[in-house]
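**Q** Chain by chain, the residues:
Protein chains: 2
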Amino acid sequence: MAKKRVSIKDIAKALGVSITTVSFIINGKAREQRISDEVSKKVKDYIKEVGYKPSHVAQSLRLGKSKIIVFMAEDISNQFFSSIARFIEEKAYRNGYKIIYCSTDNDVGKAKELISTFKMRNVDGFIITPTPDLEDVIKDLMEEEFPVVLFDRWLPDVDCSHVIVENKKSAFEGTDHLIKEGVKRPAFISLESDQTQMIDRETGFREAIQQSGVKGLELKLKFHNLAESGPYQELFEFFSKNRDIDGVFFATNYLAFEGLQALDSLGRNIPKDVKVVSFDDHYFFGLFKPKITAIEQPLETISEKLMETILNHIEELDKGYVSRKIILPNKLNIREST
Amino acid sequence: MAKKRVSIKDIAKALGVSITTVSFIINGKAREQRISDEVSKKVKDYIKEVGYKPSHVAQSLRLGKSKIIVFMAEDISNQFFSSIARFIEEKAYRNGYKIIYCSTDNDVGKAKELISTFKMRNVDGFIITPTPDLEDVIKDLMEEEFPVVLFDRWLPDVDCSHVIVENKKSAFEGTDHLIKEGVKRPAFISLESDQTQMIDRETGFREAIQQSGVKGLELKLKFHNLAESGPYQELFEFFSKNRDIDGVFFATNYLAFEGLQALDSLGRNIPKDVKVVSFDDHYFFGLFKPKITAIEQPLETISEKLMETILNHIEELDKGYVSRKIILPNKLNIREST
DNA sequence: TAATTTTGATAAAACCTTTTAGCAGCTTCA
DNA sequence: TGAAGCTGCTAAAAGGTTTTATCAAAATTA
Chain A
1 MAKKRVSIKD
11 IAKALGVSIT
21 TVSFIINGKA
31 REQRISDEVS
41 KKVKDYIKEV
51 GYKPSHVAQS
61 LRLGKSKIIV
71 FMAEDISNQF
81 FSSIARFIEE
91 KAYRNGYKII
101 YCSTDNDVGK
111 AKELISTFKM
121 RNVDGFIITP
131 TPDLEDVIKD
141 LMEEEFPVVL
151 FDRWLPDVDC
161 SHVIVENKKS
171 AFEGTDHLIK
181 EGVKRPAFIS
191 LESDQTQMID
201 RETGFREAIQ
211 QSGVKGLELK
221 LKFHNLAESG
231 PYQELFEFFS
241 KNRDIDGVFF
251 ATNYLAFEGL
261 QALDSLGRNI
271 PKDVKVVSFD
281 DHYFFGLFKP
291 KITAIEQPLE
301 TISEKLMETI
311 LNHIEELDKG
321 YVSRKIILPN
331 KLNIREST
Chain B
1 MAKKRVSIKD
11 IAKALGVSIT
21 TVSFIINGKA
31 REQRISDEVS
41 KKVKDYIKEV
51 GYKPSHVAQS
61 LRLGKSKIIV
71 FMAEDISNQF
81 FSSIARFIEE
91 KAYRNGYKII
101 YCSTDNDVGK
111 AKELISTFKM
121 RNVDGFIITP
131 TPDLEDVIKD
141 LMEEEFPVVL
151 FDRWLPDVDC
161 SHVIVENKKS
171 AFEGTDHLIK
181 EGVKRPAFIS
191 LESDQTQMID
201 RETGFREAIQ
211 QSGVKGLELK
221 LKFHNLAESG
231 PYQELFEFFS
241 KNRDIDGVFF
251 ATNYLAFEGL
261 QALDSLGRNI
271 PKDVKVVSFD
281 DHYFFGLFKP
291 KITAIEQPLE
301 TISEKLMETI
311 LNHIEELDKG
321 YVSRKIILPN
331 KLNIREST
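Order-wise, the sequence lines are chains A and B. Here the first sequence stands for residues 1 to 338, numbered as in the UniProt record's numbering. Here the second sequence stands for residues 1 to 338, numbered as in the UniProt record's numbering.
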């Protein structure tokens, strides 16, 4: 027995006033529109009595705003993204926005499809981890004046707001830390990817080894999605072929988890034989034996900046777009593995 | 220079036909409504040319359906929930639905607030992990004919659809497994909670020890949210006070992670001194040394059933509500810790 | 007193769809 | 020849809001 939802019209009729009047009162424009306190009170009381709530859908239609922001992650089940999702959610709700999420699996096709379906939904903004080759879509989005903020990585060819971290600098520091701890033959394990975050981490590694004169080694693995088996086997082979490696920098934690297993299978002791640093700190690095040194991204600050930026874009849509590019520092958590 | 979005009206005007005609053609009712193939083609071609996409907001308003489902988790950044979120997302999108997520932190107040804001949004359905004391809100929701499915736990006092797992049976099996491996003094570590999933796991544990005649021990911890520090300290004290414990059943993986650390600090060897089983398998249980025996919930099947159930409720709203109660089996993954 | 301003409100358009009811004009059948 | 049925299409209402333009009555000013 679903009681019919009460609308402004019902209120107006019941109280013998006009729809306009009710709307003004609801929106706090009673004073401004010279509605008498008497009428105002009557309407407010009635609203409370019947528990009226405005229809967001109707508001969306009328105002062209949905109060919905899309959060497009590479994979929402990944700890990094789900943690950000959690922070973002809180900040969004506090500001009256809701979040619709989706995962691209780093696949352009999927990303394009998702973006195009969301455009129809009148969403107010997009927070996106861009897949490779997404430049054109992002440009379109921006031309159509959709607020967009990228994160985790960015697109050099598009002048779009983004929130990222100091990938190069932190990778440099991490590598330098390895070298300072006596590593002579460091390896850099990364993904086959020309996305900015990976490139920057690689550059950081290279600059560090170049500066100190040691000879490094690099391994780039294919992107595995969840369904496939991890890169364990490849890592195992790599480490068994290159016995002289005495330090490893993992470009992302998922590689570290697999790599640590491989090193363990090979009987390499950490940190005695091999020292280890990983990008992207994780709860489990603290539980590992030995505890793993890692670079921690400031998840909450990233989320804060993302929301701040997107809300800024949404709320001053008219006042001329200026992209905001935010680069945040990370923190190197030194633990037992180095 | 945002090009104005084209509407049905624009198409009608441009082509000199009526809005009705265009709408019929768009919705594949041309034949049925005897629109000539000639007109039909003309309209379709034009639509393709200008790239018309219907406004979902207007459709929502007109049809009273938003094609949005709410996914209300305890905490979206928790691996269990984010994994389900990932599966759900996929299944929802394939069926033309979008997912809005939110986290309750197991707090009724927050849950109530969230539900009430979502009601206004004309969402089509709710997938919920109920917090304690949420019965009334769920009842209201159901009375207002909102489709609802609960998961992870359920509310005995409400006849609402749910998808859960065989908590009691699996806890029994896990405990029984410990005992069969020679454990004489098993401990059950859980949360202070009277939610069904925890109660059932506890019952399973109790029945297993009762059946075999061994004497068990229980510890119930407070629910910690993310901001607070974990229950490490309490676990440490518990284990150091009860040196005779030679087997532990953790009711959820987060407790296991903390508990394992505590056991390690105390120098207890696993599995020689203490055998360990945990509810909720996790990628990291396989990386641990030793690898931890755990009960794996069928995440994908849970998600499938959730979507199936909610879609069923959404699409046959009229045909009389019958709650569906689905209980899925888990899998005991025996590893090195037992 | 007449003209003007202020007060307290309202009608109606707009946002974009879907869908019911209906309207000419033509064909068929008795 | 008149009634009934079909064909191809459309007008208009409804869904719930916001906002602009407008209006009558009362109050103020000249």
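Careful: at least some of the hints might be erroneous.
It does not matter which identical chain is used: a pair holds within one copy or between any two.
Restricting the straight-line Cα-Cα distance to at most 27 Å, the calculated cross-link-like pairs of lysine-lysine (DSSO-like) are [stated by the list, open to error]:
#1 Lys241 / Lys180
#2 Lys110 / Lys220
#3 Lys44 / Lys110
#4 Lys41 / Lys91
#5 Lys41 / Lys119
#6 Lys215 / Lys9
#7 Lys4 / Lys331
#8 Lys29 / Lys48
#9 Lys180 / Lys4
#10 Lys48 / Lys139
#11 Lys44 / Lys289
#12 Lys9 / Lys65
#13 Lys220 / Lys184
Everything labelled a hint here was simulated from the structure, so no lab data went into it. All of these numbers come straight from a predicted model, not from anything done at the bench.
**Q** Decide, hint by hint, whether the structure agrees.
**A** Comparing the hints with the structure gives:
| no. | hint | result |
| --- | --- | --- |
| 1 | Lys241 / Lys180 | within (25 Å within a copy, 43 Å between copies) |
| 2 | Lys110 / Lys220 | within (24 Å within a copy, 45 Å between copies) |
| 3 | Lys44 / Lys110 | between (47 Å within a copy, 25 Å between copies) |
| 4 | Lys41 / Lys91 | neither (33 Å within a copy, 48 Å between copies) |
| 5 | Lys41 / Lys119 | between (40 Å within a copy, 26 Å between copies) |
| 6 | Lys215 / Lys9 | neither (76 Å within a copy, 67 Å between copies) |
| 7 | Lys4 / Lys331 | neither (55 Å within a copy, 46 Å between copies) |
| 8 | Lys29 / Lys48 | within (18 Å within a copy, 43 Å between copies) |
| 9 | Lys180 / Lys4 | neither (71 Å within a copy, 59 Å between copies) |
| 10 | Lys48 / Lys139 | between (46 Å within a copy, 21 Å between copies) |
| 11 | Lys44 / Lys289 | neither (63 Å within a copy, 64 Å between copies) |
| 12 | Lys9 / Lys65 | both (22 Å within a copy, 20 Å between copies) |
| 13 | Lys220 / Lys184 | within (20 Å within a copy, 50 Å between copies) |
Going down the numbered hints, you'll see the structure goes against 4, 6, 7, 9, 11, while the others check out.
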